[in-house]
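With the hints as your guide, set chain B onto chain A.
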Amino acid sequence: MTSFAADLMGGLQLVAVFALAPLLTGIMRKVKARTQKRLGASVFQPYYELSKLWAKDEVVSEHSSWIFRSTPWIVAVATITAALFIPVFVPFSPFSAAGDVLLVIGLLALARFFTMLAGIDAASAFGGIGTSREMMTSSLVEPGLFLTIFVVSLTLGGTNLTGLVGAAARSGAVIAPSMLFGLISFFVIVLAETGRLPFDNPATHLELTMVHEAMVLEYSGRSLALIEWSQATKQLVLLALLVDLFLPLGMPASINASLPLLGLGALAVLLKVALLAAAVAFVETRVAKWRLFRVPDLLVVAIAVAMVGMIFFYL
Amino acid sequence: MQIPLSEILTLTAVGLLLSTFGVVLRRSFEGWLSAYRYQSIILAGSTAVIAYETGYWEIYAAAILTLVIKAVVIPRLLVSVTESVKDEFKIEANPYVSIRLSLLISALLVALSYGLIHETLVSTSLGVYALTYLPVSLSLFFVGLFVMVSRRMALNQVVGLLIIENGLFLFTTALTQGVSLIIEVGILADILVGVMISALLLLRMSQTFDSFDMASLESLKDD
Numbered sequence: 001m002t003s004f005a006a007d008l009m010g011g012l013q014l015v016a017v018f019a020l021a022p023l024l025t026g027i028m029r030k031v032k033a034r035t036q037k038r039l040g041a042s043v044f045q046p047y048y049e050l051s052k053l054w055a056k057d058e059v060v061s062e063h064s065s066w067i068f069r070s071t072p073w074i075v076a077v078a079t080i081t082a083a084l085f086i087p088v089f090v091p092f093s094p095f096s097a098a099g100d101v102l103l104v105i106g107l108l109a110l111a112r113f114f115t116m117l118a119g120i121d122a123a124s125a126f127g128g129i130g131t132s133r134e135m136m137t138s139s140l141v142e143p144g145l146f147l148t149i150f151v152v153s154l155t156l157g158g159t160n161l162t163g164l165v166g167a168a169a170r171s172g173a174v175i176a177p178s179m180l181f182g183l184i185s186f187f188v189i190v191l192a193e194t195g196r197l198p199f200d201n202p203a204t205h206l207e208l209t210m211v212h213e214a215m216v217l218e219y220s221g222r223s224l225a226l227i228e229w230s231q232a233t234k235q236l237v238l239l240a241l242l243v244d245l246f247l248p249l250g251m252p253a254s255i256n257a258s259l260p261l262l263g264l265g266a267l268a269v270l271l272k273v274a275l276l277a278a279a280v281a282f283v284e285t286r287v288a289k290w291r292l293f294r295v296p297d298l299l300v301v302a303i304a305v306a307m308v309g310m311i312f313f314y315l
Numbered sequence: 316m317q318i319p320l321s322e323i324l325t326l327t328a329v330g331l332l333l334s335t336f337g338v339v340l341r342r343s344f345e346g347w348l349s350a351y352r353y354q355s356i357i358l359a360g361s362t363a364v365i366a367y368e369t370g371y372w373e374i375y376a377a378a379i380l381t382l383v384i385k386a387v388v389i390p391r392l393l394v395s396v397t398e399s400v401k402d403e404f405k406i407e408a409n410p411y412v413s414i415r416l417s418l419l420i421s422a423l424l425v426a427l428s429y430g431l432i433h434e435t436l437v438s439t440s441l442g443v444y445a446l447t448y449l450p451v452s453l454s455l456f457f458v459g460l461f462v463m464v465s466r467r468m469a470l471n472q473v474v475g476l477l478i479i480e481n482g483l484f485l486f487t488t489a490l491t492q493g494v495s496l497i498i499e500v501g502i503l504a505d506i507l508v509g510v511m512i513s514a515l516l517l518l519r520m521s522q523t524f525d526s527f528d529m530a531s532l533e534s535l536k537d538d
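Protein chains in written order, with our numbering: chain A, 1 to 315; chain B, 316 to 538.
So that you can see chain A by itself, here it is in the shape it has in the complex (with noise of 0.2 Å):
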C-alpha cells in the first residue's frame, strides 16, 4: 500500500471514530437504561444533544479569565492528536512516526490540565470540588497506568502504538498470562479515565458524587458540546485501545493486508468496542459509586494486577 492510501485510511479512520465516539456514548446510555429496566432514550441522542448545543447561546462568568474560554478548545485539539496517534479501526496510525503511547498519554493529561484548571478558573464552589477529586484520582490513575504500559511494551515489545496493535494481532487468540493480568488492571484503569461508575457517575449532577461533570458545571452552549464531544471521542479511542492491544481477534497485522480484510478487521473492532460499551454499562448498573476514599483501593488493584503481570512476564 502506498503512502498516501495508508494516510488516507488514517484520516478516514479519524472522521470515523469523531461520528462514531456520541453513538458509543449513546449505546452506553440505552444499555444501562435497559439493564435498570428503563426504556431510555434512542442511541442517536448524543448527536441531538450535542447539534441543539452547537448551536445555542454560551453564558460566559465575568470572573472567568481566558483559560475558561480557551479550555473547550485545547481540551479538543489535544484528543484530536491523542486520536491520530491511535490505530483504532486498522493497524496504522498517521503520525505513529512522531510518538508513541507515553506521548498519547501526555496529550491526554494536557486536556485533562486544563479542564481542571477551567474547573477552578470560575471559581465556584462546585469546579473546585470536581477538581481537588480528580487531581486525586488521576495522580493515583498514573503509577497503574504506567505499570500496564510497561507490561504491554515488554510482552509485546516497543512503546510505538502502531508497531503493538500489529504485534497484538500477530500473536493471535492465545493471551499471554502477563497480558491477562494487564488487560484487567488495564480495564479498571480506563474506568477511572473515562470516569465511569466506580469512579464517578457521568449521569449525576448531585454534588456529592459528580467528579468530572463538576468540573465542567460552568459550561454551555458550544464549548460544552466540544467538552461533551472529547470526552466521547476520549472514551472510544481508550476502549478501542484496550479491544485492540489485549483482545485483537479478527485485526489484519498490517496495513498492507487486503481491503476486505481491512475492513473485516474495522468490523470486528466495530463489535468488539460495542460490546465492551455493553459490558462497562453493565458494571455500572452492578456496582455503586464507591466512596471517594476507597477509590484508591481499586486503583491499587490495578497497581497490584499489574505488578504481578510483571512478575508472570519474568518467569
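Not one of these hints is a red herring.
Derived Cβ-Cβ restraints for the label pairs, each shown as a range:
1. B/368 <-> A/103: 44 to 52 Å
2. B/423 <-> A/102: 24 to 32 Å
3. B/441 <-> A/205: 55 to 63 Å
4. A/106 <-> B/515: 55 to 63 Å
5. A/315 <-> B/509: 31 to 39 Å
6. B/321 <-> A/263: 34 to 42 Å
7. A/102 <-> B/391: 47 to 55 Å
8. B/356 <-> A/288: 21 to 29 Å
9. B/423 <-> A/279: 28 to 36 Å
10. A/292 <-> B/370: 50 to 58 Å
What the simulated footprint calls covered on chain B by chain A, stretch by stretch (three residues with Cβ under 8 Å from a Cβ of chain A suffice, anywhere in the stretch; the number is not a length):
11. 330–336
12. 422–436
It is worth saying that the hints were derived from the structure and are not from the lab.
Glycine residues also receive a C-beta, built at the ideal position from the N, C-alpha and C atoms.
Relative to chain A, chain B alone:
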C-alpha cells in the same frame, strides 16, 4: 482448536492468584467467602486437569471432594454459624494494615514466592505441574498467612487458614501428582472438623464479647 496444556495450567494459576487478591480486597464476610468459593472451584478444576493428564482416578475423586467440601459445605457451614451475628461485626472496618497496603504487600509476596521457587528449583527437573503450581501454592500460603495476621476479625483468620490449606493442597497435588486417596480424605475431614471447631469458637466469642474483634480477646473478662 487445541489449547496447549501449559496455557490451561497458567490460566488456572492466574485465576487462583486473582481470587486470592479478591479475599484481600473485600471487606465483608460474604465477599471473602465468595472469593474463597471461586478459588476452591478453580482449585478443583486444576486438580481435575492434573487428573486428566495423569489418568489416576484417585485425583478425580480428590477434585470432586474438593469441589463439594470446599466450595459448598464449608461456606454454607460458616454462613449458617454466623447467621445470628449482626452485620456490622462481619465487616473488617479497621484492619491493622490498610486494605490498599495489604494489596501491594500481597503482590510483593507473590513476587517473593515466584522468586524463591525459581531460585531453588531452577536446576531440578520437575514436571510442568510443579513448575506452574508450586509458586502459586507458596503465594497462597504467604497471602493467607498475611491475611491472618493483618486483620482484626476472627472470621478473617478462618478464611486465611482456609487459603493456606488450599495452598498446601495445591502443593501436594502439584508435587506428587496425588497422594493416596485415603490421605486426601483424611486431610479434607481434618479441615472440615477444623472449620467446625473454629465455627464453635466463633459462636462462643460472639456470645461472650458481642463482636469478632481479636483485640477484645486481649482484655480480661472483669475489666
